[in-house]
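Model the full assembly from the supplied sequences, consistent with the hints where possible.
Number of protein chains: 2
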Amino acid sequence: MKKLINSPENVVAEALAGMAAAHADLLRVHTDPNYIVRADVKAKPKVGLVSGGGSGHEPLHGGFVGLGMLDAAVPGAVFTSPTPDQIEAATRAVDAGQGILHIVKNYTGDVMNFELAAELAKADGLQVESVVIDDDVAVKDSTWTAGRRGVATTVLAEKITGAATEAGASLIEARDICRKVAAQGRSMGVALTSCTVPHAGKPMFELPEDEIELGVGIHGEPGRERIKLRPADELAELLLQPIISDLPYQRGDEVLLFINGLGGTPLIELYVLYRKAAEIAAAAGLKVTRHLIGNYITSLEMAGASITLLKLDDQLTRLWDAPVKTPALRWGL
Amino acid sequence: MKKLINSPENVVAEALAGMAAAHADLLRVHTDPNYIVRADVKAKPKVGLVSGGGSGHEPLHGGFVGLGMLDAAVPGAVFTSPTPDQIEAATRAVDAGQGILHIVKNYTGDVMNFELAAELAKADGLQVESVVIDDDVAVKDSTWTAGRRGVATTVLAEKITGAATEAGASLIEARDICRKVAAQGRSMGVALTSCTVPHAGKPMFELPEDEIELGVGIHGEPGRERIKLRPADELAELLLQPIISDLPYQRGDEVLLFINGLGGTPLIELYVLYRKAAEIAAAAGLKVTRHLIGNYITSLEMAGASITLLKLDDQLTRLWDAPVKTPALRWGL
Chain A
642 MKKLINSPEN VVAEALAGMA AAHADLLRVH TDPNYIVRAD VKAKPKVGLV
692 SGGGSGHEPL HGGFVGLGML DAAVPGAVFT SPTPDQIEAA TRAVDAGQGI
742 LHIVKNYTGD VMNFELAAEL AKADGLQVES VVIDDDVAVK DSTWTAGRRG
792 VATTVLAEKI TGAATEAGAS LIEARDICRK VAAQGRSMGV ALTSCTVPHA
842 GKPMFELPED EIELGVGIHG EPGRERIKLR PADELAELLL QPIISDLPYQ
892 RGDEVLLFIN GLGGTPLIEL YVLYRKAAEI AAAAGLKVTR HLIGNYITSL
942 EMAGASITLL KLDDQLTRLW DAPVKTPALR WGL
Chain B
642 MKKLINSPEN VVAEALAGMA AAHADLLRVH TDPNYIVRAD VKAKPKVGLV
692 SGGGSGHEPL HGGFVGLGML DAAVPGAVFT SPTPDQIEAA TRAVDAGQGI
742 LHIVKNYTGD VMNFELAAEL AKADGLQVES VVIDDDVAVK DSTWTAGRRG
792 VATTVLAEKI TGAATEAGAS LIEARDICRK VAAQGRSMGV ALTSCTVPHA
842 GKPMFELPED EIELGVGIHG EPGRERIKLR PADELAELLL QPIISDLPYQ
892 RGDEVLLFIN GLGGTPLIEL YVLYRKAAEI AAAAGLKVTR HLIGNYITSL
942 EMAGASITLL KLDDQLTRLW DAPVKTPALR WGL
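If you read the sequences in order, they're chains A and B. Take any residue in the first sequence, note its place counting from 1, add 641, and you have its number in my numbering. Take any residue in the second sequence, note its place counting from 1, add 641, and you have its number in my numbering.
Simulated DEER-style distance windows between Cβ atoms:
{"no.": "1", "chain 1": "A", "residue 1": "His932", "chain 2": "B", "residue 2": "Asp782", "range": "40 to 48 Å"}
{"no.": "2", "chain 1": "B", "residue 1": "Ala923", "chain 2": "A", "residue 2": "Gly926", "range": "55 to 63 Å"}
{"no.": "3", "chain 1": "A", "residue 1": "Gln956", "chain 2": "B", "residue 2": "Gly788", "range": "50 to 58 Å"}
Here's a subset of chain B near chain A, in silico, CB distances under 7 Å, partners left out:
{"no.": "4", "residue": "Ala662"}
{"no.": "5", "residue": "Glu699"}
{"no.": "6", "residue": "Leu908"}
{"no.": "7", "residue": "Ile934"}
{"no.": "8", "residue": "Glu942"}
Everything labelled a hint here was simulated from the structure, so no lab data went into it. For clarity, every value in this text was computed on a predicted model and none was experimentally measured. Think of the CB as a built atom: it goes at the ideal place given N, C-alpha and C, for glycine as much as any other residue.
Here it is as structure tokens:
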């Protein structure tokens, strides 16, 4: 296992220390339990927006803490759900009297632990609402998930809902906007290689040199099928058609097209994929009015990519365009 | 070879088409010859800032075209210098009557072709100045380079000089600022794995499972030595000490600390490295007042990272902080 780490036990703590050292203007890192909050947390009365999940998907979630996006992120061990006490502590830390919204990716451990944390916080009088993201059209039920997995739409939900809470949305308004994003976003990914969790020390799965995993999960969960490596244009079709047919999108719909790298794929390849995905979307009558291209929700060093479509409307577009200032996503500020 | 491409012959053209489709608000892609210019090129009289080099280092250079950074980028084939006619065409395309500055990474082919292009443009009456970046302290002379190689300081030079030209600096002023960045930036990198150029179809070099290349170049050029894999903290020392001792930096100096991923290394590991690098810099009496962390000058899917220190002063800090709006670097707009 070749990694730029000191030891598997310390990788998350040391990465958090690196984030704290680099981004003191934007965030604070709390240890024992681990969570990240905005440097200006509770500076104004607003709904607190909290997300989290296993580490290894960086910049998700810690890289999205800051103005116009998350108030707190809760990192678990690599590919491991954060504990209820971590989530509860983060929830309390961002409580500015307007309630707290949890954005949860649909994995059984995450859902259970966020629910437990919400119950604990509610028992103490806090208002907590939750939205579960389950946008992965690849498979119904998976290794660690009942129902669809939650993947890249989470990034879009955090941005859009964060803009809403920044602008003063109520807890119920923010929850409903986040639900709309969850309802209107669909994703699917493909792995060209596996990845190695530090404490495991060996690849999550084996892929022959000429095969790829179509519909892979972000923890290396099996997808729809193993197929022979195809040209990028064919893969764009294989990823996008299940997305387009699922929602279903209507001709004339405005969409955000998100090409996400899984960690080990060069940016030049993501642009090759974007080119074809934009063509396919246009051929389906969709208007790509916004986009995001890069490594935003990753699987350590896995080579591969996912495609996400989010159906937009004026409200979602305006919230997407709103200023954001986080380590990993920034504009307008 | 597992890549998200259609064919090795078309990867650069298709990635450029993807950039054109995604970033029509920021840039225009010209083909035959290939170059990228700002969408608002020549909208105001300013010095034109042009850089370029082989593809495969994305987002460098095309991802840095836009307001406050480059006016044009000239992409060659993967790991291959752009041709003089490409560079000349880009130079003409950004000529707004105030002269053109070329920022050139120190590789023999790049230097020669930028020089030829500058001569052609000057023969037609254009004013052209050039600054060569040679910040890599790893080795003196290398596979494709006389003298030191040009690496990650190039990103900082493009940002800072771009801010200066945006603010109305003259050609000579912009050249001198760029020279200052070149003189005050130092870098060194380490490769954990090799990478595969699409048209070659096999890795640039072989690295045993327990060895790394200390001082690697961004095209896989040999570095100082092959050593056994070490903990990240030791690697941070091995990369930073040659940098700190080279300039030399003085105690009390303000610096920008840049941790650059080479393409295949997860962000979580870059933060582990940042943590230790910031500690080492502080122990040397340096004040890290600015930073950059992420994949900005890459070697396709190579796993590894480079560390860069740039000595700052008030002028460079102000120009670094100035607004920038490009596909890969954006703040304030």
